[in-house]
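Chains as they are written, first to last, in our numbering: chain S, 31 to 219; chain W, 9 to 573.
None of these hints come from the bench; they were simulated from the model.
It cannot be assumed that every hint is accurate.
[What the hints assert, rightly or not] Dumping the calculated DSSO-like pairs for lysine-lysine here, alpha-carbon to alpha-carbon at most 27 Å:
#: 1; chain 1: W; residue 1: K409; chain 2: S; residue 2: K117
#: 2; chain 1: W; residue 1: K149; chain 2: W; residue 2: K164
#: 3; chain 1: S; residue 1: K208; chain 2: W; residue 2: K200
#: 4; chain 1: S; residue 1: K214; chain 2: W; residue 2: K201
#: 5; chain 1: S; residue 1: K86; chain 2: W; residue 2: K413
#: 6; chain 1: S; residue 1: K91; chain 2: W; residue 2: K355
#: 7; chain 1: S; residue 1: K91; chain 2: W; residue 2: K413
#: 8; chain 1: W; residue 1: K413; chain 2: S; residue 2: K215
#: 9; chain 1: S; residue 1: K117; chain 2: W; residue 2: K278
#: 10; chain 1: S; residue 1: K208; chain 2: W; residue 2: K454
[To be verified] A short list of chain W residues far from chain S (calculated; beta carbon distances all over 10 Å):
#: 11; residue: I50
#: 12; residue: A57
#: 13; residue: G60
#: 14; residue: F69
#: 15; residue: A136
#: 16; residue: E192
#: 17; residue: P225
#: 18; residue: D245
#: 19; residue: S366
#: 20; residue: A522
#: 21; residue: T570
The beta-carbon is built from N, C-alpha and C at its ideal position, and this holds for glycine as well.
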Amino acid sequence: MKCGKVFEIPTAKLKNKRTMKKLATLFFALTITVAAFSQEEEHKTDLKTLPSVTLKDMEGKTVNTSEMGFEGPVVISFWATWCSPCKRELNTIHDLYTDWQDETGVNLVAVSIDDQKTMSSVPVYVNGKGWEYLVLMDPNGDFKRAMGVNNVPHTFLINQQGEIVYSHNNYAPGDEEKLYEEIKKLTGK
Amino acid sequence: MKKTGLLALSFVAITSVFGQGIPPSITGNIESNFQYLQEDSIIGANQPAEKGLLNSYMNLFYTQGNVKAGMRVESYLPRINGYPAVFDGTGIGMRYIGYANDFVDVTLGSFYEQFGSGLSLRAYEDRALGYDNMLDGVRLKITPMKGLEIKTVYGKQRYAFIEGQIQHSPGVVRGFDGELHLNEAFKLLSEKKLDITVGGSFVSKYQRDDNDALILPENVGCYGGRTKLRYGKWAFDAEYVIKEQDPSQDNDYIYNFGHALVTNLTYSQKGLGILLSAKSADNMSYRSDRTKQLQNVLINYLPSLNKTHTYNLVASLYPYATQPVGEIAYQAEVLYSFKKGSPIGGKYGTSINANYSSAYRPMRHTSGINPLDSTGVTYTSGIFDMSDSLYWRDINFNITKKFNKNFNMILSYFNITLNNDVATVTKVQGFIKSHIFVLETGHKFKNKSSMRTELQWLLINRKDGFPVDKGDWATLLIEYTINSNWFVSVMDQYNYVTFDSSILHEVDGKYHRAHHPYFTVGYIHEATRIMASYGRQRAGLFCVGGVCRPVPASNGLTISFTHSF
C-alpha cells in the first residue's frame with residue numbers, strides 16, 4: 031500500500047432525484063424520532079447515565095462500564111499513548127491523586143483508545159509512569175462512540191448515582207483544578 | 009427510502025412497546041468542519057471551484073432498557089481539502105437497532121467489530137481520517153458464562169458514500185470468534201498467579217468469480233488463534249492467522265497462502281516499562297472486493313509496529329504505513345521514571361523513553377518454483393524469514409523533566425529512515441533519512457494561564473551535496489491558554505533549505521523559501537469546542553494508527569465545531 035494515494039474514486043453514480051427523496055424521508059424520520067424521544071424525556075431528569083459497554087482492563091478482566099462498582103464519584107478520562115495533552119492531564123492528576131482520593135473518595139478510570147498498533151505500549155506507559163488508575167482498553171472505539179467522544183482528551187465526571195454531571199473536551203494546565211472543584215461539589219466538601 | 013421509513017417506525021415502536029417506565033438514554037456527538045480556501049502559488053495551494061467546503065456528521069445513540077438504536081447522518085458539501093473522494097452528499101451513513109442483555113447482544117444494521125488483534129477482522133471508523141469500513145448486516149454476541157464471549161458477524165462492507173447513499177462492496181463477509189479468559193471462567197484458576205486467555209477466529213468472504221481468464225476462489229477463509237499470558241510483572245500475547253488462496257489486484261493474482269503473526273512481550277513495574285514486539289506477515293491483504301486497493305474495503309487490520317508520532321515534522325512528512333503484501337517488523341520500547349528526590353529525578357521527577365522499530369521485506373524463495381505452472385504459487389516464504397531489504401527504521405529518545413510546579417520540558421530526538429521505493433510518500437527515489445530534534449516547554453503562570461512552546465528542527469540527507477525531497481525544516485509553535493475556555497496559538501513552519509523547484513518559487517526574479525504561518529483561536533465550553541484557524545498549511549500526510557491520507561497544501565480559513573451530548 032502506498033501512502034501517496036489512499037482512496038480510489040468510485041464509479042457508481044446515483045440519480046439526484048433519488049437523493050432528494052431520501053433526504054425528505056430522512057427529515058421525516060428524524061422528526062418522528064425526536065418526537066418519540068422528547069415524549070419519553072418528560073418523566074426523567076436531564077442527567078445521562080453511563081452507557082453499558084463491555085471492555086477489558088489491562089489485566090484482561092471484563093469490565094462493564096455501567097457497573098464498575100465504585101462507591102464515590104468517578105472521573106472517566108479518554109486518552110491514548112500518542113496524545114500529548116491526554117498524558118499531560120493524567121500525569122498532572124497522578125501527582126494529586128492520593129490527596130484527591132483521601133479528600134473525596136474519587137476514582138479515575140483512564141480509557142485508552144489506542145488501537146492494536148499502540149495498545150501494547152499502554153501497560154508500558156501506565157506502569158512506567160506509576161499510574162494507579164483503573165485503565166480500560168477500547169481498541170475499536172466502542173465506548174468512545176457510545177460516550178459521543180469526538181477527540182481526546184475528553185474527561186467526564188460521574189456522580190454517585192452513575193450520572194454524567196460534567197465533561198470537558200480539552201486539557202490545559204489548571205483544568206484539573208476546575209475538575210476537582212466539580213468533584214468536591216458532589217461530595218459536599 | 010423504504011429502509012429509512014422503516015427505521016423511523018421501528019424507533020417509535022421501540023419507544024412505545026419497550027419504553028414502559030424505564031427512562032431512555034440518548035447520547036451522541038456532532039462535528040462540523042468548514043474551510044474557505046484561497047489560491048497561493050508560493051506553496052502550490054489551489055482554490056476549489058466552490059471556494060467553501062464543509063464536512064459534518066452527527067451520531068445519535070439511543071438505549072432504553074435492553075433496546076438500543078442509533079444512526080449517523082453525514083454531510084459532505086463538498087468534502088474538505090484532501091478528504092477521500094468516496095465521501096459525497098448528505099444522508100444516513102450508519103444505522104442500527106439492537107437488543108442486549110447479560111446473555112445475548114444482537115445488532116441489526118451497521119456495526120463496528122474487531123476479532124482479537126484485528127488480523128482476521130476489523131470493521132473500524134476514523135472520521136478525521138476518512139476511513140470507514142463498517143459492516144452492514146447482523147452481529148450476535150453471546151456470553152454463556154463469565155469470561156467466555158462468542159461473536160458471529162454476517163454482512164457487507166461499506167465501500168463508499170455517494171450522493172448521501174452507502175455503497176457496499178460486492179463481497180459478503182462472515183465471521184466467528186470466541187475468546188475465553190480461563191481465570192474468570194473457572195473458579196479453580198481465579199486465584200492463580202498465571203493468567204491465561206485463549207481465543208480463535210474464522211472469517212470467510214464470498215465474492216463471485218467474474219474473471220474470464222482465471223478460476224478464482226469465490227469463498228476465501230482466514231482463520232487463526234491467539235493467546236494472552238500474564239505472570240506477575242510479565243505479559244505475553246501472540247496471534248497467528250492463515251489466509252487461504254486469495255488472488256487479488258494486491259498480490260497480482262497469485263495463489264499463495266498468506267500468514268500473519270504478531271507477538272508482544274512486556275515487563276512492567278512501577279517506574280519501568282519494557283516492550284518487545286515482533287511481526288511477520290506475508291500476502292495478508294484481505295478485502296471484500298479483490299479488485300480494490302489502497303485503504304478500500306479491507307476486512308482485516310495489519311498494525312504497523314512503530315510509535316505513533318505527534319510532533320508536526322515527525323508525524324506528517326515521512327510516516328510509515330504497513331505494507332499489506334508483507335513485512336517483517338520489530339519494535340522495542342523502554343520507559344523509565346527516575347524516583348522523585350533522586351539526583352536525576354529531582355523534586356518532581358524525570359522520565360526517559362527510548363523506542364526502536366524497523367521493518368524489512370520478507371524473503372521469497374523462488375528456486376524450484378515455476379511461477380507459470382498451473383498452481384499459481386510464485387514463491388515460498390516462512391515465518392520471520394526476512395531479507396536485508398529495509399523498509400523503515402525509527403530510533404527515537406525523549407527526556408521529560410518537571411523542574412518545578414510551573415515549568416516542564418521535553419527534549420526529543422528522532423532518526424528516521426524510510427525506503428521511499430516501497431513505502432512511497434513522496435517522489436524521491438531510494439532512502440530518505442532524517443534527523444529531527446524537538447524541544448517542548450510548558451509554563452504555568454500565576455494568573456492560571458499557561459503557555460506551551462515547541463521548537464522542531466528537521467535535517468534531511470544530502471545527495472550530491474543537495475538535500476533530498478523538500479529539504480530542511482524548522483517549526484516554531486507557541487500555544488497560550490488564557491483560561492479553561494480560551495486559547496490562541498501561532499505556528500510557523502519554515503522550509504529554510506530547499507532545492508525542490510515545486511516548493512522554491514520564483515516570483516519577480518527572486519526565489520522564495522516558504523514560511524507557513526498558521527494562527528488558531530479556540531473556545532471550549534464543557535463538551536463543546538469551537539476553533540478557527542487561518543494561514544498556510546504545507547502538503548503532508550495525516551495518519552492515524554498507521555493509516556495515512558495525503559493532505560494537499562492549503563491557504564485559508566478553517567472553522568471547526570464539535571459537541572458531545
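Outcome of the hint check:
1. Restraint check: the Cα-Cα separation between W/K409 and S/K117 comes to about 14 Å, which is no more than 27 Å; the hinted pair holds.
2. For a cut-off of 27 Å, the pair hint linking W/K149 to W/K164 stands: about 18 Å separates their Cα positions.
3. A distance of roughly 42 Å separates the Cα atoms of S/K208 and W/K200; the hinted pair therefore is violated under the 27 Å criterion.
4. With a C-alpha separation of about 38 Å, the suggested pairing of S/K214 with W/K201 is violated against the 27 Å cut-off.
5. For the hint linking S/K86 to W/K413, the alpha-carbon distance of about 35 Å lies beyond 27 Å, and the restraint is violated.
6. A distance of roughly 36 Å separates the Cα atoms of S/K91 and W/K355; the hinted pair therefore is violated under the 27 Å criterion.
7. A threshold of 27 Å between alpha carbons decides the hint, and for S/K91 with W/K413 the separation of about 36 Å lies outside it, so the pair is violated.
8. This hinted pair checks out: W/K413 and S/K215 have alpha carbons roughly 26 Å apart, not beyond 27 Å.
9. For the proposed pair S/K117 and W/K278, the alpha carbon gap of about 17 Å is at most 27 Å, so the pair holds.
10. Distance restraint check for S/K208 and W/K454: the Cα-Cα separation of roughly 15 Å lies within the 27 Å cut-off, and the hinted pair is therefore satisfied.
11. At roughly 22 Å from the closest C-beta of chain S, the C-beta of W/I50 stays outside 10 Å, upholding its exclusion from the interface.
12. Separation of W/A57 from chain S is adequate, the least Cβ-Cβ distance of about 17 Å exceeding the 10 Å criterion.
13. Residue-level check passed: W/G60 sits 20 Å from the nearest beta carbon of chain S, beyond 10 Å.
14. Distance check on W/F69: its Cβ comes as close as 6 Å (rounded) to a Cβ of chain S, failing to clear the 10 Å threshold; non-interface status is violated.
15. A beta-carbon of chain S is positioned within 10 Å of the beta-carbon of W/A136; the least distance is around 8 Å.
16. Not every Cβ of chain S is farther than 10 Å from the Cβ of W/E192; the closest lies at roughly 7 Å, contradicting the non-interface assignment.
17. Every CB of chain S lies more than 10 Å from the CB of W/P225, the least distance being 22 Å, so the non-interface label holds.
18. Remark: the non-interface label on W/D245 conflicts with the geometry, its nearest Cβ contact in chain S lying 8 Å away (cut-off 10 Å).
19. Its beta-carbon lying about 15 Å from the closest one in chain S, W/S366 satisfies the requirement of being farther than 10 Å from that chain.
20. Distance check on W/A522: its Cβ is at least 21 Å (rounded) from any Cβ of chain S, clearing the 10 Å threshold; non-interface status holds.
21. Listed as a non-interface residue, W/T570 fails to keep its Cβ farther than 10 Å from every Cβ of chain S; the least gap is roughly 4 Å.
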